[in-house]
Amino acid sequence: MTAPARNVEILLIEDEPDLRADLAYLLEDEGYRVRTAAHGAEALALLEGGARPAVIILDLMMPVMDGWEIHARLRTTPTLSKIPVVILSGVANDEEEIAALAVAAYVTKPISVSQLCAIIDRALAETG
Amino acid sequence: MPTPLTALTWLLGIAAAGGLGAAVTLAAQTKRLRRALAANRAETVAARDGEHEAREDAERTNRTRAQFLGMVSHELRTPMMTLQLQFERLERALGARETPEHERQILGRISLSTRRLGEVVESLLSYSAIQSGRMKMIHERFDPGPVIEAIVEEMHPQAEQKGLVIRNVAGDSEEIETDPRLFRLILVNLTLNAIKFTQTGFIEVSALRLGRGYAVTVRDSGPGIPESERARIFEPFEQIEPLRTKHARGMGLGLTIVRDIAITLGATLQLDSDLGVGSAFTVIFPNDQAP
Chain Y
0 MTAPARNVEI LLIEDEPDLR ADLAYLLEDE GYRVRTAAHG AEALALLEGG
50 ARPAVIILDL MMPVMDGWEI HARLRTTPTL SKIPVVILSG VANDEEEIAA
100 LAVAAYVTKP ISVSQLCAII DRALAETG
Chain R
0 MPTPLTALTW LLGIAAAGGL GAAVTLAAQT KRLRRALAAN RAETVAARDG
50 EHEAREDAER TNRTRAQFLG MVSHELRTPM MTLQLQFERL ERALGARETP
100 EHERQILGRI SLSTRRLGEV VESLLSYSAI QSGRMKMIHE RFDPGPVIEA
150 IVEEMHPQAE QKGLVIRNVA GDSEEIETDP RLFRLILVNL TLNAIKFTQT
200 GFIEVSALRL GRGYAVTVRD SGPGIPESER ARIFEPFEQI EPLRTKHARG
250 MGLGLTIVRD IAITLGATLQ LDSDLGVGSA FTVIFPNDQA P
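Here the protein sequences come in this chain order: Y and R.
Note that numbering that gives the first Met the number 0 gives residue 105 to position 106 of the first sequence, counting from 1, and the numbers run on in steps of one.
Note that numbering that gives the first Met the number 0 gives residue 24 to position 25 of the second sequence, counting from 1, and the numbers run on in steps of one.
Source of the hints: derived by calculation from the structure; they are not laboratory data.
Where hints are given, some of them may not hold.
Said to hold, decoys possible - Restraint-style ranges between C-beta atoms, simulated for each label pair: (1) R:Glu42 - Y:Glu68: 30 to 36 Å; (2) R:Glu152 - Y:Arg72: 38 to 44 Å; (3) Y:Gly49 - R:Leu111: 18 to 24 Å; (4) Y:Val106 - R:Val168: 30 to 36 Å; (5) R:His155 - Y:Ala44: 55 to 61 Å; (6) Y:Arg72 - R:His138: 52 to 58 Å; (7) Y:Ala117 - R:Leu89: 21 to 27 Å.
The beta-carbon is built from N, C-alpha and C at its ideal position, and this holds for glycine as well.
Chain Y extracted, bound-state conformation:
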């Protein structure tokens, strides 16, 4: 079995410190390089500073700048709009809201690391 090429950078935007730390640890254990941000504004600062992750994992309900807002900003910024976004939310939104977000995937917590990796790899494969 060949492991998927995972030597890519992931930006994990999540406000819950434990969840952020544990998920970052496990994703790194799976072979990705992981950068983290506690909310949208922190993520935006990283991206404006030149960070170009291959995938963004994004929580929705966050203080300072929530997931909806950073997502809207990403979509309207030409240099950032192509980065696939995987929403990882504690809220199970209805299908219409999810469709309106137009993201690579929308997953509801809790999700196992192996399931999340499969989703990340698929998002990576789709963007080439």
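Mind docking chain R on chain Y? Use the hints.
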């Protein structure tokens, strides 16, 4: 346009010309009528306001409920995921080391409890979502075969733990058009329910083309359900065993969720049960595209 009231005042004028007594009576009657009409008008306005208020109240309640659901959902799901991730970290860390058997057992129990907690959270949230009308449906054509196979696979450890055999009696394969997520939720709840209430024997999942429908059955070798209890078990928070002495865990929401989703999907739900032999829950999904 003369209103009845001004017309009456005009008549009153004529009556006054005719005699004081009549005029006084009429004036008093007019006053009463005026008061009655005014009260009536006030009532109509109040009723209209009341209706408006009731509608606003209902909308406010729905909004509050949706907000509450979103908040509770977020507050429960996030620590659930943290718990799972921390468990996984621990497992990976210990994987490399030699760990005493009893510590492994403790880990196994933590894992099982975490999964149970996850199921409780999931069924509570599903139930509330259905109740508040936030569970939206999507229609998709898909082959339910692999979905059934995956669920049976997932349930293996829980069945094995009770010494039960769970098997997928692969039946007819064909595409149906329904909501795959809700299809899954129905089947997960039915199989969990069967595992929960069956002490020895088997759980069997089968699928069958049935005219213009597609029937999925979860059969068990459990105690069976007395005729008198067959309606009650579908009601929320109801279980056959009395709360104080019950053996089975859970909140009694599984079958309510199954029933409510079946209604949402236009599916019918059937229950066949023999005391001491077992029960079979069948959900018949409409399948208009069937040949």
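(request) State the violated hints by number, sorted upward, taking the hints as numbered earlier in the document. (result) Hint check: 1, 3, 5 and 6 fail, others pass.
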